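**Q** Take a look at the letters that make up each chain.
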Amino acid sequence: MENSESKDEAYGAKVHELIKFAVSSAKRDMHKIDTSQGQEMLQSHIRTLTPKNNETDQS
Amino acid sequence: MKLISLKLTNFRQFKSAFIEFANDSNGKVTVIHGENTQGKSALLAAFRWVFHGYDGIVNSIQDPDVIVNREEVEIEAGASAVVELVFTTSSEDGLFYVTATRTVDARNQENPFYRNGLINLSITNQASVDGTTTLKDSAAQAYLSSTIPAGLLDLLFFSGESIDKLSTGGSTGIGEAVRTILGFTVLERAILNLKTARSKFEEGLRGSADEQLQKKIDQKGRLTLERDRLAANLRDQEAYLVKIQSEALSLSKNLQEYEDVKHLASDQIRLTALIEAEKKNLTQATQALRDFIRDAAFTIVSRRAASEGAKLELELRERGDFPSAVSQQFIDKLLHSNECICGRGLSPNSPEFSKVTSLRSAKARGSEFHDSAESVSFFLREITEKFPDRSSSFDGLRKECLRRKADIESNLLALEHVQKQIKKSSVDDIRNIQSEISIVNQDIGKTGESITNAKFDLEKLEPQVQKCSKEITALAAKKDETRVAQARIGLINDSILSIHQLIERGTSLMREKLDELIAIYFNEYNNVEGKARIERVPRGENLADDFLPVPLVQNLAGDWVVETGVNRAKQQCLSIAYIRSVLSVASKLDDITTGGTGLFSSESYPIVMDAPFGVLTEGPAVSVCSSFRDFDGQIVCFVNYANYRLLGHILDDGRFVAKRYYLQSFVSSNSGTRELFGATREVFSIFPAGARSAQLYSSILIT
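Order-wise, the sequence lines are chains Y and V. First residue of the first sequence? That's 1 in this note's numbering, and the numbers climb one at a time after it. First residue of the second sequence? That's 60 in this note's numbering, and the numbers climb one at a time after it.
To be clear, the hints were calculated from the coordinates, so they are not data collected in a lab. The structure presented is a predicted model; accordingly, all values stated were derived computationally and were not measured.
Label pairs and their in silico Cβ distance ranges:
| id | chain 1 | residue 1 | chain 2 | residue 2 | range |
| --- | --- | --- | --- | --- | --- |
| 1 | Y | 47 | V | 63 | 38 to 44 Å |
| 2 | V | 536 | Y | 47 | 17 to 23 Å |
| 3 | V | 288 | Y | 13 | 52 to 58 Å |
| 4 | V | 172 | Y | 10 | 53 to 59 Å |
| 5 | Y | 10 | V | 187 | 31 to 37 Å |
| 6 | Y | 13 | V | 284 | 47 to 53 Å |
| 7 | V | 613 | Y | 47 | 54 to 60 Å |
| 8 | Y | 47 | V | 149 | 24 to 30 Å |
Cβ coordinates follow ideal geometry from the N, Cα and C atoms, glycine included.
So that you can see chain Y by itself, here it is in the shape it has in the complex (with noise of 0.2 Å):
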């Protein structure tokens, strides 16, 4: 029970680092002329949050 707890509060804090960078990344993309790499960053972010070889990111 407490692992689930624990997980769900990792898991809880991996969804609030994505949404803090994806709105980062948002209103950097709201000032800037070119945001083609915005997209890439964000892909690249989301694949350090859950890397392969991660079991626990199955929840």
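Starting from the known structure of chain Y, fit chain V onto it as the hints suggest.
**A** Relative to the frame of chain Y, chain V by itself:
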């Protein structure tokens, strides 16, 4: 965003002007007051023009295509108007100082293609060592449009006398502006970006989904089953083929046996002929033996007679064993040759003659010369002992006889066997066997064909199974990627959901705050003139579209009705309260909604108002002005003298207003009075009104 300074050159009435605005470091409210027609509206237009050019002022001032100061144009046809606005904007990358400079040539200001003028941006990131970025033309305009979109321009840089257009003009840009101020535009952009990212991960997922793997496994299962079935069928058919081939072979052997009967028949004929021939040969051989013995006996007898004389003859005669004539002819010869064996003729009167004659007639020994076995054996012994060559001939003849007899017996046995075989076989049997062979052969043909087909099907199926196996291997290898992609998509979905929830919470908060703030700052107003409130009109599916203000008033019957302009003052109050509320909520939205996580804290926006109290009576005007005290953001307010007097007790409060300018026009020395923009002034300037709080006035540029 904070306004730092505004510099005008040859813009409308202004020869030149320079204004520094109050900002965090020196307060937050800048008041510029002056008589009517002194250029307050032109200052507002300068803000709008620098951001959006002709498009920014076309609906807010008269003669939007007359930008360059006319007096300058008269002096020089190619004179230019220049507006330079310095502001700061903060982002994730730090604080940026932006200098926006828009220039238009008098010769182009009426040309639809050039009337927006030329825009240049100089952007400096205080926190960066990269220095200053310069943008021009469309890139510069794109930056400004993203910083202050058209709707935001209407909302933040407005004339109080026309602020009611917010609710009655149906400006779709307002909803956009509110979303921008509240940070929802950024959130929506974040959602859009996340969705794009999600689609990228989904693309990867489509090629390696678990579902596909399962489908492949099922497909392989079906194919394998079919292959095994075909293989089993093939094995059965091959076994059956072997069986019927063996059966055919067996039948062929049977048939062959029956075919042998033909040979048996010929054997029968051959054997019969052989037997007959042998019989004849045997007869001949027997005869030859017989002749030999007779001849030999005769010779022997003769020779013996010759050598031993009458002794032997006598003995033979006495014993009666004298060999009689072997044949009738022999006897006749003896009788009629007149000579005996011993060389003498038998006289008819002799006893020998009589004996022979009697023997002959009695036929006692006529042809059975060897009945006298003893005699014969005696002779034979004689032959053996004394005439080896004769003995050999005798044995040869005798063996010949025996061989012939044995051959005959053997052939008879073979014939008997052949006849038995022939008896066993019948034509019907052969026909039946042939028919069976034909059927079996047909079966063999069909089975062979069936086997060929089965092999073909099997060969066709095998590569499919192999392909399936390879695909399964590949899919299985991708399974991990699939799982990771699914995890990523799940994370994105949850993030999008959370952002939507944030927007919902923000929206809900916005509603509450609007109602709350309107109730606070227009309570008095309500008391005097009846109740009023603002409703938000949802525009579409988007959650953040819920903020178009619609001022409603309560009529005598107690019903809430849309204010249709009868009371513009009320509308104006509501609209300003609305804007003020939006900005107020925006400044605290992140704190309240997410506990200050900085997820979507909105940019702080200034509000620039021209004559916000223009049509208000004293009570509402004081109420609106007082509400500015509670506003956290930067305010630039242009007021006329009447309002300044009315609100002086608020506007002169140094704790509230940090910068104050008095706008006064000058008539240039070298020009007379002429009609310009509906006013009679030609050249305007701005300078401090030293009469009041002179220490606050600064940075005034006078031409």
